[in-house]
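Chemist: As a plain string of letters, each chain reads:
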Amino acid sequence: MNTGTLSRCLPWVVVGLFALFPMLESTFYTQLVTKVLIMAIFAMSLDLLVGYTGLVSFGHAAYFGLAGYALALMGPKYEAASLWWTLPGAIGLCVAFALVTGLLVLRTRGIYFIMVTLAFAQMLYFVFHDTKLGGGSDGIYIYAKPTMNLGETVLVNLEKLDQFYWLVLFFTAACYFLLRRILGSSFGRALMGIKVNEHRMRALGFPVFRYQLASFALAGGLGGLAGYLAAVQFGFVNPEILSWHQSGAVLMMVILGGMGTLHGAVIGAFAFVLLQEVLSNQAWFGIAAKHWQLAMGILIMLVALYLPQGLAGLLAKLQRKPPAEAEEGADV
Amino acid sequence: MDLAFILIQLLNGLQYGLLLFLVASGLTLVFGIMGIINLAHGSFYMVGAYLAWSLASLTGNLATAILLAIPLTVILGMGLERLLFRQLYTRDHLYQVLLTYGLILVFEELRSIIWGDDVHGVAVPALLSASIPLTENLSYPVYRLAISGVCLLLALALYLLIQKTRLGMMIRAGASNRDMVQSLGIDIKLIYTLVFALGVALAAFAGMINAPLSSVTPGMGSHVLIICFVVVVIGGIGSVKGAMAASLMIGLAETFGQVLVPEVAGMIVYVLMAIILVWRPEGLFGRK
Amino acid sequence: MSEAILRTAGLTKRFGGLVAVSDVSLDLHVGEVHVVIGPNGAGKSTLTNLLSGDLPATSGRVMLDGRDIAGLSSDQISRMGVGRSYQKTNIFLPFTVFENARLAAQSRTPYALHVFGRAEQYDAINTLAGAALESAGLSHRAQRVAATLSHGEQRQLEIAMCLATRPRVLLLDEPLAGMGPHESQRMVELIGKLRNDHAIMLIEHDMDAVFALANRLTVMVNGEVLESGSPEQVRSSPAVQAAYLGGEEMLHG
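Residue numbers (my numbering), protein chains in the order written: chain A, 1 to 332; chain B, 1 to 288; chain C, 1 to 253.
Quick caveat, the hints were computed from the structure, so don't treat them as lab data. Model, not experiment: these values are computed from the prediction.
Some chain A residues close to chain C (C-beta under 8 Å, calculated; not the full set):
id, residue
1, Phe187
2, Arg189
3, His199
4, Leu204
5, Phe206
For every residue, glycine included, the Cβ atom is placed at its ideal position computed from N, Cα and C.
Chain A extracted, bound-state conformation (with noise of 0.2 Å):
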């Protein structure tokens, strides 16, 4: 089987794989892979603006945690909302979000884009922090699930841990497939050439405000949609889903994962879970555990400085081609 054959099988049989796992009957590990696959879905949007569009987001937690208070002040404080209006009503409130502060932010590059993108995320955290707007510091509970039903038949139940994980893991896939999707088209290409060289693809005539306008909203779009189901996953949102510790979680995953390569963020978001979920096992660390953030800073320390190309680069590193070959073919 040729490279080319490969990579194109292999995320359908990694999907069928994951389709399986409910199986286990394990409601803790079907629990936790729903979160991976939310936080991949997250993961995934950020590597859109970080690894593609070479924009640097660091308030990328924004439309996550505003797509989820959506959700909450979108429905029925007692009853269940609807998910044919809720989701998209979501994600179209996250995407206007980031077109408005796109048209802001995307004036600045560099230490200043870094700079200004978590200054508005920290924003929209005071908003919901210090207002009454979203129940303050406590939040808000979702007390029940979104319905997604087609007349009176019940299409999924969100409430049956095995349907949402089915239904996190197709968004999961038709985020990844969307987004390989965009990144091969013309406009895909576009995207890597600002990233690469924003200058020379302003002098061939790309308008590349808009296209880096659309990157953003686009990404914010399925930030968005990664909020929304985590929303519905936990059954409440506080401000801290927006805070930046989120926005740095995200982009630690993309980066250990390998920024630039969408499996990279995926196995970026299974790496950075599952080490949340082990150094703050108690079991394991004891009184330790309590501050596993320490061991996760010193990590993401060393990640930063020895493992740049994180994981997927390591992938990538151990099965290099002989340097002759390299030097022909390497499609973008």
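Got chain A sorted already, so can you dock chains B and C onto it with the hints?
Modeler: The following block gives chains B and C in isolation, referenced to the frame of chain A:
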């Protein structure tokens, strides 16, 4: 609202702005001269406050505590520059963000292990605990005036250091032309270490002198960091003058915002930033 | 003589107190190579940047087809048919040679905004990119990663990308710099061929190439136009001879 009340808010706003300047000036110098984005800068402010609290409880005197703490923060700054930040100068901003984000987590957890997660208060030194009466029931605390004075003195010293001394000349040259400085045989590494340590010490000092005014809390570092980012964005990267102008602007805007429109006070600084981004994306005093 | 397709009037650029380009007026015609020469720091590259929109002019006008384009962004100007190459090679190093040209060609087609179709499936773009590589003599390198090309080949790619955008006006900033004699010869021939249906401004130090190609010659010194006219006129101008100490100097750049 009468004149005395406005005067008090004005003084409060200026005092808060000057304090912000101490933290933001170090941030903007490190940005401007070394090209480093340091998310952990707010942690230095927090470390300063906790040092002041714990040393003041030990010695019973804030002034002694500050005198003891300053050398510690300088050593911390030099150590961090040598061990960590030096590796980042040639790296992409992305990795600077990631590394300093990791550093925040480390600082937060070390703080939690060493000092716990409780909120603490520090007493105003007895010597400065008086208040100046303005009207029958309004007065202004001497301590606030005193720290405004100290901040102003430090700002002046910083200005003289950068504009008038040989070290300042090297700092300015380093900001504009790294290779030139190196070819003159000036030890750029030493300058970087000193500038970084200066930034750390200024931020920590701000945390120390502000400890009696606002309680010492676990989340204090991240809050001040974000505000300082806004200061740097508004003032322009690398510009100490810009940091001063933006700090005072934000100090006054936040203070008056809290009084006049408390519901949306938290938003004001971000609205200010948005306006600047539309009008002058490179900041008030930034180079294009 | 045909109407000038691109014409500047009183074009000036100041950086703080320094005047980099001062009151420059020149025009470009289809069928002509307008060569701009002058010592380093004369403002030639700044002039190119003003024409391409990479830098905003302090004052003066740039007329393209009678429309003032000063103040437009570089991507707008590029889409109006002004292509440029850079003095310092400015390409997409991690991409293949073909992808470099393909991206350039893509910018001109309505497919550029297609989000789903594979980038390589558009024959019009592929043909354009292939033809540009062919003209620049790089077809045999199409599948190489741009970073692995020799310096001269990267210069050729620079031109190929410019051609793939199908410009009417070409601004070439020292295209021969760093090329071997064989590659230089090829490039001179290519520029000579392009002259037929393009208006070309060429900045060049290689005097053999300058006099082989120039229909019109402008000498810049300290940001100002010292002399402008046919190569013979310029060569015999007393001002130019004085500035270059008798004309011999000029031949050596």
